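Colleague: Below, each chain spelled out in residue letters.
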Amino acid sequence: GNSVTQMEGPVTLSEEAFLTINCTYTATGYPSLFWYVQYPGEGLQLLLKATKADDKGSNKGFEATYRKETTSFHLEKGSVQVSDSAVYFCALSGRGGYNKLIFGAGTRLAVHP
Amino acid sequence: EADIYQTPRYLVIGTGKKITLECSQTMGHDKMYWYQQDPGMELHLIHYSYGVNSTEKGDLSSESTVSRIRTEHFPLTLESARPSHTSQYLCASSDGAAKGTQYFGPGTRLLVL
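One line per chain: the protein sequences are A and B, in this order.
Position one of the first sequence corresponds to residue 18 (this note's numbering), numbered consecutively onward.
Position one of the second sequence corresponds to residue 15 (this note's numbering), numbered consecutively onward.
Don't read these hints as lab results, they were simulated from the structure.
A hint or two may mislead.
As a list, the in silico DSSO-like pairs of lysine-lysine whose alpha-carbon atoms are at most 30 Å apart [as the list claims (entries may be wrong)]: (1) K69(A) to K45(B); (2) K32(B) to K45(B); (3) K85(A) to K45(B); (4) K85(A) to K69(A); (5) K77(A) to K45(B); (6) K73(A) to K85(A); (7) K73(A) to K32(B); (8) K94(A) to K69(A); (9) K45(B) to K71(B); (10) K31(B) to K45(B); (11) K94(A) to K73(A); (12) K77(A) to K94(A).
From the structure, some residues in chain B lie toward chain A, with a derived Cβ separation under 7 Å [claimed, not checked]: (13) Y19; (14) P22; (15) M55; (16) E56; (17) L57; (18) L104; (19) G114; (20) Q116; (21) G119; (22) P120.
None of the values given here were measured: they were computed from a predicted structure.
Heads up, the beta-carbon is just placed ideally off N, CA and C, and yes, glycines get one too.
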C-alpha cells in the first residue's frame with residue numbers, strides 16, 4: 018500500500034542555517050505530493066505541493082522537487098528563521114476521487130537565535 | 015485562504031459525557047475529513063465524507079460517529095467520552111479538483127478526565 022517515510026526529529030538548527038527534511042514515499046501510480054506545516058496550537062497549513070514528476074513546489078523560501086526516480090520529495094530552505102519552528106508533515110494523495118492523504122509521522126523543527 | 019472552522023478549540027470534560035465537535039467550511043467542498051492526532055504528532059484518518067449523506071470510516075478505528083446532513087457541516091460525536099479519547103481532532107475539506115489538496119481547520123484539543 019501507499020506510505021510516506023520522513024526523517025525523525027527533532028531537528029535543531031541555528032538561525033540562517035540550511036534545512037533539509039527528507040521524505041520518501043511508496044505508491045502505485047502517480048501520486049500528488051505535499052508538505053504541510055503545523056505551528057504550535059494550530060491546525061495544518063499547506064506549505065507546498067507538486068502534482069507530477071520533476072515539478073518543484075515552493076513557498077515562503079521552502080522548496081521540494083518531486084523525484085520519481087528516487088521516490089523522494091525532500092523539503093529544503095536555504096536560511097531558516099526562528100519563526101519556521103514547527104512540525105512539518107510530508108504527505109501523498111493517490112489518484113481517484115477520494116483525495117485521501119497519507120501522512121508521514123511529522124518532523125519537529127526547532128530554530129534557535 | 016481556507017475557510018474552515020472548528021469549535022470548540024479546547025474542551026475539558028468528564029468521563030461518560032456526550033460531546034459533539036463542530037466543523038464547518040464555507041468553500042462548498044464536497045469532501046470532508048476528520049483526523050485524530052496523538053501526542054506523538056502522527057495523524058490518523060478516522061472518518062471521511064464524499065458529500066451529503068455519505069460517510070465512511072477511516073483507517074483508524076474510532077468510537078466516534080459523524081453525520082453529513084449539509085455540505086458545509088460535518089460534526090463528530092462521542093456518545094460517552096473516555097480518557098482514551100483525549101487527543102487533538104482536526105477537520106479538513108477538499109474540493110477534489112485541487113489534486114488532493116486538503117484544507118485544515120485549527121483543531122479541537124479534547125481532554126477527558
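Colleague: Take the hints in turn and mark each one as holding or not.
Modeller: Verification of the supplied hints:
At most 30 Å may separate the alpha-carbon atoms for a hinted pair to count; K69(A) and K45(B) meet this at roughly 22 Å. With a C-alpha separation of about 26 Å, the suggested pair K32(B) and K45(B) falls inside the 30 Å cut-off, and the hint holds. In summary, the hint linking K85(A) to K45(B) is supported, as the alpha carbons are separated by about 28 Å, within the 30 Å threshold. For the given pair, K85(A) sits about 9 Å from K69(A) by alpha-carbon distance, which is consistent with the 30 Å threshold.
Between K77(A) and K45(B) the alpha-carbon distance is near 28 Å, which keeps this suggested pair within the 30 Å criterion. Between K73(A) and K85(A) the alpha-carbon distance is near 12 Å, which keeps this suggested pair within the 30 Å criterion. Under the criterion of a C-alpha separation no larger than 30 Å, the hint pairing K73(A) with K32(B) is inconsistent with the structure, at around 46 Å. The suggested pairing of K94(A) with K69(A) holds, with an alpha-carbon distance near 21 Å, which does not exceed 30 Å.
A C-alpha spacing of about 14 Å is found between K45(B) and K71(B), which places the hinted pair at or below 30 Å, so the restraint holds. The hinted pair formed by K31(B) and K45(B) meets the criterion: a straight-line CA distance of about 29 Å does not exceed 30 Å. For the hint pairing K94(A) with K73(A), the CA-to-CA distance comes to about 13 Å; that is within 30 Å, so the pair holds. At most 30 Å may separate the alpha-carbon atoms for a hinted pair to count; K77(A) and K94(A) meet this at roughly 9 Å.
Residue-level restraint check for Y19(B) is violated (minimum Cβ-Cβ distance to chain A is 10 Å; threshold 7 Å). Given hint, P22(B) at the interface with chain A, is violated; its Cβ is 14 Å from that chain's nearest Cβ, farther than 7 Å. For M55(B), the shortest C-beta to C-beta distance to chain A is roughly 4 Å, which falls under 7 Å, so the interface hint holds. Interface hint at E56(B): satisfied, since its Cβ lies 5 Å from the closest Cβ of chain A, which is below the 7 Å cut-off.
Among the interface hints, the one on L57(B) holds; its C-beta lies about 5 Å from the nearest C-beta in chain A, closer than the 7 Å criterion. Below 7 Å, beta-carbon pairs count as interface contacts, and L104(B) has one with chain A at about 5 Å; its hint therefore holds. The beta carbon of G114(B) comes within 3 Å of a beta carbon in chain A, closer than 7 Å, and the hint placing it at the interface holds. For Q116(B), the interface hint holds, since its Cβ comes within 7 Å of a Cβ in chain A; the closest pair sits about 6 Å apart.
Hint status for G119(B) relative to chain A: holds, with the closest Cβ pair at about 5 Å, below 7 Å. Taking 7 Å as the C-beta contact cut-off toward chain A, the hint placing P120(B) at the interface holds, the least distance being around 5 Å.
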